[in-house]
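Student: The primary structure of each chain is shown beneath.
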Amino acid sequence: MLGKYSKYSKTLTLFIIMISVFMVISIFLPGKFLTIRNFQSMSSQIPEFGLLSIAVMLAMLTGGIDLSIVATANLSGIVAALILTKFTFSQIGGYEELFTIILAITSALIISLICGFLNGILVAYVGVPAILATLGTMGLFSGIAIIITKGYGIVGFSEKFLLIGSGTIFLIPVPMIIFILCALAAVIILNKTTFGFSVYMLGSNPIAARFSGISNESILIKTYMMSGLFAGLASIIMISRVNSIRPGYGSVYLLQAILVCVLGGVDPSGGAGSIFGLIMGIITLQVLQSGFNILSFSPFSKKVIWGLILILVMIINFYSAKLSQKSIKRLKTN
Amino acid sequence: MVEKLEKLLAVKDISKSYVGVQALDRVSLSINRGEIHCLVGENGSGKSTLIKIISGVVKPDEGEIIINGKRFQSLHAIDSISEGIQVIYQDLSLFPNLSIAENISLNQMIERKKRFISWKEIKNIAEREFSNISKELDLDEKVENISIANKQLVAICRALTQDAQLIIMDEPTTAITKREIDCLFSVILDLKKRGISTLFVSHKLSEVLQISNKVTVIRDGKLVGVYNTEGLDHNTLSFYMSGKKIVDSVLDYREKEGQKEPLLEVKNLSKKGNFQDINFKVCSGEIVGITGILGSGRTEIALSLFGLNRPDSGEIYIDGKLAKIKSPQDAIELGLSYLPEDRLNQGLFIKQSIGNNIVVTILQRLLNRFKLFDNSKKYEAAKEWIEELNVITPSLETAAQALSGGNQQRVVIAKWLATDPKVFILNGPTVGIDVASKSNIHNIIKGLANKGMGVIIISDEIPEIIWNCNRIIVIREGRIVKKLNTNEVTEDKLLDILARKSN
Ligand SMILES: Nc1ncnc2c1ncn2[C@@H]1O[C@H](COP(=O)(O)OP(=O)(O)OP(=O)(O)O)[C@@H](O)[C@H]1O
Ligand SMILES: [Mg+2]
Chain A
1 MLGKYSKYSK TLTLFIIMIS VFMVISIFLP GKFLTIRNFQ SMSSQIPEFG
51 LLSIAVMLAM LTGGIDLSIV ATANLSGIVA ALILTKFTFS QIGGYEELFT
101 IILAITSALI ISLICGFLNG ILVAYVGVPA ILATLGTMGL FSGIAIIITK
151 GYGIVGFSEK FLLIGSGTIF LIPVPMIIFI LCALAAVIIL NKTTFGFSVY
201 MLGSNPIAAR FSGISNESIL IKTYMMSGLF AGLASIIMIS RVNSIRPGYG
251 SVYLLQAILV CVLGGVDPSG GAGSIFGLIM GIITLQVLQS GFNILSFSPF
301 SKKVIWGLIL ILVMIINFYS AKLSQKSIKR LKTN
Chain B
1001 MVEKLEKLLA VKDISKSYVG VQALDRVSLS INRGEIHCLV GENGSGKSTL
1051 IKIISGVVKP DEGEIIINGK RFQSLHAIDS ISEGIQVIYQ DLSLFPNLSI
1101 AENISLNQMI ERKKRFISWK EIKNIAEREF SNISKELDLD EKVENISIAN
1151 KQLVAICRAL TQDAQLIIMD EPTTAITKRE IDCLFSVILD LKKRGISTLF
1201 VSHKLSEVLQ ISNKVTVIRD GKLVGVYNTE GLDHNTLSFY MSGKKIVDSV
1251 LDYREKEGQK EPLLEVKNLS KKGNFQDINF KVCSGEIVGI TGILGSGRTE
1301 IALSLFGLNR PDSGEIYIDG KLAKIKSPQD AIELGLSYLP EDRLNQGLFI
1351 KQSIGNNIVV TILQRLLNRF KLFDNSKKYE AAKEWIEELN VITPSLETAA
1401 QALSGGNQQR VVIAKWLATD PKVFILNGPT VGIDVASKSN IHNIIKGLAN
1451 KGMGVIIISD EIPEIIWNCN RIIVIREGRI VKKLNTNEVT EDKLLDILAR
1501 KSN
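Chains as they are written, first to last, in the numbering used here: chain A, 1 to 334; chain B, 1001 to 1503.
Calculated from the structure, these hints are not laboratory results. Hints may be right or wrong, so weigh each one.
[Claimed, not checked] Each pair of labels, with its calculated beta carbon distance range: (1) V313(A) with L1189(B): 48 to 56 Å; (2) P268(A) with N1309(B): 55 to 63 Å; (3) I315(A) with G1452(B): 54 to 62 Å; (4) K1272(B) with P268(A): 36 to 44 Å; (5) E1261(B) with I102(A): 38 to 46 Å; (6) G307(A) with E1333(B): 27 to 35 Å; (7) I305(A) with E1141(B): 35 to 43 Å; (8) G139(A) with K1483(B): 55 to 63 Å.
For every residue, glycine included, the Cβ atom is placed at its ideal position computed from N, Cα and C.
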C-alpha cells in the first residue's frame, strides 16, 4: 500500500496547506480578499504563470528541468509582437487584422516549439544534463531576443489582440479559459495517452524504460517541445495582457514556477507529480501573492517572503526526501 | 578479554505487519557465536523483514531482541552496529568513486573522529583486513571497476573493521558465479574460525546445505522450525519451506511436423570484444539454454538480439526473414521479448505501481477508439497476469518497491508475457525466486513452449538449464564452444565443460 498511501497523503497535505493559507488570508483581510475584483485580478495572473509552471512540470516529470521557459516565452512573444506591429496586409481588406493576429500567434507557437526541440535534442541525443542544457539555451534565447529588439520594448498592439489578455466571457477572463483548457489538455495527455504514460515511466527509471521498448529520445524531445509550447502560449497571454513586450519580461516567473512545482508535489527526480497538485500549488502561491498585494508589501519584503517560502519548502522536502530515502533503503534489501 | 556468552543473538516472538500483510507472526531466531545460520522461506515469507528488524532499520510491532545478553526495548540501527551486527545489503552501499582501500577504512576513520587522514593508515587497515580473510586485490582500484563478487568482499572487509560479530547477508549469491560463490564461502568459513557468525539468506538450497550449521525455516511469516543442517536434504528442506512436495518435470519437446522455418536464426553474429561467430537456431516449442560464466558474452548476445548492442556483422532471421533490429522497439515489434538480468535497474520501475509495471509493454493494446487509455482494459490486463503468475500483493496500485524480491521478479516476467512474444529470451529468469515458485515459473515457461513459443534461457544454474531446455549452448570467451542435446548430458558433465575440464 506504500505507493497509494503516500500519494494520497501528499495530495491531502497540499490540500490542507492550500485551504489554510486561503482561510488565514480571508480572516486577516476581511472585506478585502474575498471580493469579486480581487478574484478577477487573481485569475488574470494565474494563467500565464500557471502555463509556465506546467512547462516546468513536464520537464521535471522526465527527471529533467526546463530553465529556458521564460526566455522561450520572451523570444516567441517578441516574434509575435514584431508581426503584430510591423506587418500589414492591406490587400486582404477587412480580414487583415484577424489574419495578422493568427499569423503572429502561429509564429510565436512555432518558435516556442523550435526552442523546445533544441532543448530536447540537447538532452536526449547530446546527453547534456537538462539543467545545463536549458541554462545554456536560456542564455541563447534571451540573447537572440535582445539582438532582435536591440533591447527596446515593443508596445501597442491592435484592440482585437488585446482581447486575449483582457477580455472576459461570462465574467471569466479569457486567459483563465485558455489556461483551463490547456490544463485539461495536459491532464489528458499525461494520464490518458501512451506518451504521458511513457513520460512517467521514463522519469522513474530511464534504463528500465529503454528495456521496455520506450523510445527515450523521442519521448524527451516531445516533452521539451511541449514544455516550449506551453511557454509560447503563456507568452501570447502575457504580451496581450500588458500590451507590450521587452526582453527579460517575466523573469521572476522562472523561480516561482519551479517553486510551485516543488510545492505542488512534483518529484524533481522524475516520475511523480500531477496537474491537480500543481494547480493547488499555483492557487496557494497566488493567494499569498494577492494577500501581500492587499497589504501593499514593498517589492523588497515580498522578495524576502518568497525567499523564505522557497527555503521552507526545500527544508520540508529535504526531510521528506530523507524519510522516503530511508524507506527505499529498507526496501532495497530485497 | 571478557568471557563472552555463547549466544550472540536471540529474537523472540517478533511480529510485524504492514498495511494488508502480516509480514512476521511471532517468529523467533537465535544465533550462537561462530555459527553459520541460514534463513530460508518462500518469497514474501518475511526473511528480509526479519533482517531489517535485527539490524534496527524496521521496528517490530511486538517481540524482544537480545544481543550479547542485552535486552533492547527499541533497537536502533546504531545500537545494532555497536553490538557488532553488520548487514551487507544487496546494493552493498559502497562508494563507487573511491578506491577499495578508502571504502574499507572510511567508517573506521570516521568512527575514530580523525581529522586528518593518513593515506598510509588507510592502506594499512585495508591490507590487514584483506590478509585476514586471505584474499588479495589491488587496493588502489576504484570500486566501480571491480566485479560484484569483489565488491562483496570489500563490504565484508569494511564490516570487519567495525568489529563485526555477526555478518548478515541477504541473498548474496544471486548475482555472482559459481567460482565466486566458492570464494565467498571460503571467507565465511574463515570468519567462523575467528568466532564471527554469519546469517545468510538464499533460495539456492544446495548452497544452504553446503555452508550452514543451522537452518531456520519460515513460511507466511510464521516459524516452521529450526533444524541442524546435518539431518537435512534438499527435498525435506523444500518441503518445510512450501508445505508441499515439488515435482520437477522435464521439457517434453518433440520436433513439430512440417515446421518450415526456425522462429529465430542467428548467423555469424560478431561484435568485437563481445562475441565472435555466433550461430544458432530456435524453433517453435524449443527451449534453448545458453550458459557460460559471467562475462563470457552471453548477456551481450542477448542484448544484441534485443537491439541494445549493435553487432559488427552477422544476420538475425525471424520467421526466415532477415530482421533489422536497431532498438528494443524493433525487437518487440518482431515478436522478441527480453527479461533482463538486473531486476532493480533494468527490469522494474520501483516507484511505479505494479499495474503500470505490467502494462508498460502493451500500451497500444489498452487504447480505446479515441486513442486514449481505457482504464478498465488496463486493470484487466494487469489483473490477469497477477493471477496467472500468483503475484502476492495487496493491490495493483501498490508500488513495486513494497513487494518481496521474488514477487518483483514475477511482475517483470508478467510484463513480458503480456506482449505475447514469439521468442522469449530470459536472462536469469528465477534469480532470487524460491524453490516452489521457481518450479512454478519453469512450468509456465514450459507451458509457453508447448504452445509454440520459442524460448531462450540464459542461466548459470546448471539444474535450471538441464531441467528445462532441450538444447544447450555453452559459451566461453565470446565463442560457442559446445552445442548439446540435453538428453546426452548430465549435470556433472556440463559443470566439467563449463570449468573447462573437458570439451
Ligand atoms: N515497506 C513495506 N510495505 C508494505 N509491505 C511490505 C513492505 N516490506 C515488505 N512488505 C511485505 O511483507 C512481506 C514480507 O516481505 P519480505 O521482503 O520480508 O519477504 P522475503 O522473505 O524477503 O521475500 P523474497 O524471498 O521474495 O525476498 C511481503 O508480503 C511484502 O510484500
Ligand atoms: Mg527478501
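Student: All hints, please: hold or fail.
Tutor: These are the hints, each one checked on the structure:
For V313(A) and L1189(B), the Cβ-Cβ distance of about 53 Å falls inside the hinted range of 48 to 56 Å, so the restraint holds. For the pair P268(A) and N1309(B), the supplied restraint of 55 to 63 Å is violated, since their beta-carbon distance comes to about 32 Å. Restraint check, I315(A) to G1452(B): a C-beta distance of roughly 59 Å satisfies the suggested window 54 to 62 Å. For the hinted restraint 36 to 44 Å between K1272(B) and P268(A), the CB-CB distance of approximately 40 Å keeps it satisfied.
Between E1261(B) and I102(A), the C-beta spacing of about 57 Å breaks the proposed range 38 to 46 Å. For G307(A) paired with E1333(B), a C-beta distance near 52 Å fails the hint of 27 to 35 Å. For the hinted restraint 35 to 43 Å between I305(A) and E1141(B), the CB-CB distance of approximately 52 Å leaves it violated. Checked against the hint of 55 to 63 Å, the C-beta distance between G139(A) and K1483(B) comes to roughly 60 Å, which is consistent with it.
The structure fails hints 2, 5, 6, 7 (numbered hints given earlier, in ascending order).
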